[in-house]
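A.B. asks: Make one complex out of these two single chains by using the hints.
Quick note, the sequences are listed as chains C and A, same order. Just so you know, our numbering puts 31 at position 31 of the first sequence, and the rest follows in order with no gaps. Each number in our numbering comes from the position in the second sequence (counting from 1) with 1000 added on.
Relax, there's no trap hidden among the hints.
Which stretches of chain A does chain C cover? Using the computed rule of at least three CB atoms under 8 Å from a CB of chain C, they are:
1. 1054 to 1063
2. 1075 to 1085
3. 1089 to 1100
Taking beta-carbon pairs under 10 Å as the criterion, some of the chain C residues facing chain A (in silico):
4. Tyr360
5. Trp361
6. Ser362
7. Ser366
8. Gly367
9. Asp373
10. Leu517
No lab work stands behind these hints, which were simulated from the structure alone. Where is the CB? At the ideal position from N, CA and C, for every residue including glycine.
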Amino acid sequence: MVGTFVRLKLRLLRNGLSLGQGTVLFLMGAIGASLLALIGFTTLAATRGNSKGPDLAIVVFGLATLGWAIFPVLGFGTDETLDPQRLETLPLTRWQLVSGVLAASLVGVAPLATLFAFSGALIGLGHNPVSALLIAVAIVEALLLCVVASRTIVSLMVPLLRSRRGRDFTILALTLIGLTPPVLELFATRHAPSGNFGDTVVEVADKVRLTPFAWGGTAVADAARGRYGSTLVLLVAIAGAVMLLGWIWAHSLERALTSADPAAPATTRGARSGLIPGWLPFLPHNRVGAVAAKDLRYFARDPRRRAPLIGAMIVPAVALFASLSRSGARPAATTLLGLIAVLPTAGLTLNQFGLDGAPYWSSVASGNDPRADLTGKNLANALVMVPLATLSVFICASFTHGWTYVPLALGLSPAIFGVLLGVGDVVSVRVPYALPERRSPLAFNPGQGCASMLAGLGALAVQCILLLPIAAVTTVLVVATPLPVATLVAVAAANAYGVLIWRTGRDLAVRSVWWRLPELLDAVSPRQAG
Amino acid sequence: MTLTDPALAWPALTVRGLAKAFGPKIAVAEINLDVPRGSFFGIVGPNGAGKTTTLRMATGLLRPDHGQVWVDGIDVWADPIAAKARIGVLPEDLALFERLRGRELLEFHGLLRNMDPAVIKARSEQLLEFLGLADAADALVVDYSHGMRKKLVLAAALLHGPRLLFLDEPFEAIDPVSARAIRAVLEDFTSGAGTIVFSSHVMELVERMCDHVAVMVEGRVAWAGPIDALRAGGSLEDAFVALVGEPAERQALSWLERSSD
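Extracted from the complex, chain A is given alone in its bound form (with noise of 0.2 Å):
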């Protein structure tokens, strides 16, 4: 670790030059991120952006074709373990091990990181607790709900504490009661230094809560800053078609107004 003590001056994630293609598609072409620590740095943009890719990559799930990523000025792909010690993730697809029970599936991300059985204990039960799954905690994985998976990911992605947390869509096809126990955990994490990276096309959601943005398009960055810069008083929404581009004008569909009366 005393590669990162004089880096204190890294920013938590550093990306450059990270590309990928699949096949002739290209995913991501050549980004540059900075996220600062402590941020609440969300990742902006159209369905088949690249936000999904980006974050495997930037995790080690994903290997690109080119470029470096640094955790805390630690190089992700050369440096995995270090790197993956600082990091928790919450995948788009959440594909589980879903024939564990809710409170097997904790203590079993907390062993693969090789942690004290008795904190992985203490802090599952809190984590259970925190987010209103104490009462399913005995109940196997694979008959949990989709908010239900989202919150166990994201208590095994914090059981270890991380320093930087990776989410990928962690609102998508989430209730609102789930949502709100989701966003008091983020709130405590970034409010102990933490630093979230989260993906998302929900603008409201982004707005609300962070603090800087990076807008993707196509697998290119269009823009990153504090997010401030980017609405310059006006809406998220607003600044992001204004970058992205409004579809053509189209003809309206008459057929829908006339049915309507």
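This is chain C alone, in the form it adopts within the complex (with noise of 0.2 Å):
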């Protein structure tokens, strides 16, 4: 049975070379293993004769253990065999479907580099043959952690991965998770204890090296200190964890196969709202306003649209506050530097009819009206990107005090959104791409291909050069007139170019896709698999 298992996962990693959109992915992954694995192992191989080696080893195995118990959630589903439900139709014992899939799971590219990463602790610490022979054993007990650790997490994630609530929310709590480095960076640097990276391995070994996590890395650094009896202790402790996760494994994998999928309440009580909301008055009971309502309904409800908004938003506010913040000297004008923070939300408006997919049907079949639909959509941004500027601006004022520069900043948003929008709607139908639709939370996109990525980065580069007038004009005038005058003119005239921008590019939209309309909605919709 097992050899049935590892010839499947075997066939399945073959299947997957073979396929054009696959190999890539594929070669990417293993590319990135075998850096990673190559890194893993030089750094545990080269603290040969370092007082401090061991402590590495602890962080180098704790890391890959960690990455090992989230990875698998990450890419639920583009592994078959994680997916324990393929087999339950399958006349299998609990035994032979657990042993099974976990020596699939230790075939594959993830589970080779691993063990070549830590193989570098065999060369770096193991000083004597008892010493390595230990290592060697924390070594397969280590990796037999990681792949039972995260297939235990896995199928424990199951009930919740399937659920469409369960999906939103891992989708939102990985873009926290994903958004916690910048601002742990910001306050790492500024508590930073020493700039000494040896002296914090140490500190960071000292504090996990009794976690599960590192466990294995702990055996490691015994047994290269000489400390034989507790290395002991720690690999008996390591195999009672691998077959008391295996249970838990066993159990849930059981469990999860024999449970239906949550179905989700279809009947809802509350208020009975329309499409428009009714804080919006000024939205037009139309065609412009329908697409408007709806996508700002997306931005609120489609975790798929809100987790980039939040971490185009929230990385470089960071990164601003915090260089804002710590420079001594801040001049008024700074305030300004707040509209910079809402710039990266400009991807958004580079793929607008891709953001839409495949249910853009219902606007191919009910009309030919691109004009309604590209201004309902620039509404809609324009609606959620004024705010965020507003908020924006106002922080930055309260760092810098330079309040009476908020009315510029105010004033400018408008048209930088109008150059924004103007270059993303002639993007969005020229260069339309298919999202792709999956059932993972994160949704990486192979399909989506060089070109559209190059005439993403191009359009983003016209999109900065079109700023630079409104850019060159508010400093002159800022610098050679009385504020308020310069508030005035700069405005004024910066707003009549954004307007003239936006008209320009969704005019020539407009026209370009008039016609095109079957195009555009097959290159938006994502190919059904089968």
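C.D. replies: Written out as structure tokens, the structure is:
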């Protein structure tokens, strides 16, 4: 049975390689894994003779185990052998299933890379035959712990990932996890005790050495330091942990196989809302208003659209405010920099129909009006971006105390969005592409291709170039004239310019797509699998 | 609309020389169709016969390689706005803006056609009630079952009062209760002089509901006309198999028989 599972896994790997798109993905994964493996291996191997080597082993093993625990949750569904429901109709005993899936999950790029990285410890820390033997055992046990832990976590999460609310929650949670590094970095640079890498490693190792993630590394470290007794204790503990996790896994696997997908309640009570929210009374009750209201609802309800928005906002905002709060001199005019924090949301304007995807058929089937569609989408984007920009400017002003520049900054923001949307409209109809429809919480798009990525980068460049005149005119006016005059003239000129760019871009887009709506629909509809 | 008034002689749907190839595979090969006004027109054929491709081209969702389509005499590909105002579409894949609530989605479809909000509201409530969706009207479409989605799209397709309804596999994977609700709506629609074109590979359904039928095989129309003429007293399935051709004589799966005793 184990052999069958291993052959199944090898076959899946081979089939994945023979598909065009999959090959790229697989190679990217393989190259990434090889790099990580090489880094891990050389890091560990190079510690030979270094007194801090064992501490480094604790950190490396701990990071690898943590990665194993988190990674499969992100990639849920990418590995067919990961999904026990694919095997549920087969007459297998629990033991056959568990041993088979375990064996299959030991086959692959990631386990191989991990094993290679870990084996660096053998070279770097195996000082004599006894310690080398103990380290070898610790490496194997640590790898098993990685694999079993990741399988157990996935198995426990299956019910969560199968329900819509669970997936929605996971996407948001992952976004927040993804955002922690810059925030942590911000705090770390503020409270850094010392710049010495070696000391940091020792400090971290000391804190984590007894957490289960680091047990493997601690066993290696203790073996290297000649504390064979404590090594043996840890090896027994790891074996126990592997068995405990295996037991939990086997049971949760069985439950995941036999319990039905949670049915979402399809009836709800609540206010009878209309499509167009009451707090936006200025939205027209026509096609433009419908598209705008629909997109606004999507910003609020669709994690796929919400997550990148949060990401695009927070990272630059944190970086900006970090640098603002650190620099000593804060001229009042830096309030204007608050607008920069919003620029990354421009990415959302570049594939506006791709965000709709296949459901865009309803717009195509109900008339040819790309002008209304684009206007509605632009309106929704602006209604999201302008409040964000306003918030950003006010926060910025509270750092710089440049309140006198707030009117200027707020007045410029519509002009900036006009430019962004004008360019975005053209790119949206010229280089539309489908976003992946995946169960996996993290939407990663191999099908996007280099062409549309280059187009996106080009569009961002064009957006920046077209923003330069606004920046230049504003700078000249602020320097050369009193602030009230500068504000009035700059806001008027910039907004006239912004409206011009927006209308030009939108009309160009409409003209080029009016007769090509079916092609646009085809481009943004994900290919049906099978 | 003056274009159509002298053209009442036109059929509800006219298709001439319509063709589409996907790479080397010819999906639809130069087909001609005439769908009489007020008819219940079934397009039947095995999977991959080109039914969906034909419907997508007739509704302006997929550009044909060549050929023409007229709805009430209006060229769908030359005057898409006027043509699309007359048709309602229920596509096969049911891709919907599923983060809207059911009622919101209907309002969205109505506003896309720039309908009067009061009319949208009144008709939505009627359709939701009639199709048994009133209780779920405030739930997100993403939480709807397959049958509920079909009924919701049907409601959206009917909202603007089209003259011609295109339904791609409307009864596929539908429970009997929902199917009955859909059938009742469709019968009301044709009795009001509306025309329905629908595709299916379920012969019994087509036989029960349609008065006209076109049989598609490998991208061609093998036969088209009144269903009674095709049946000629027998069952539709027999006539269909006679047209499509039965698979070659095969060996019985003898081990299946053995396992049953």
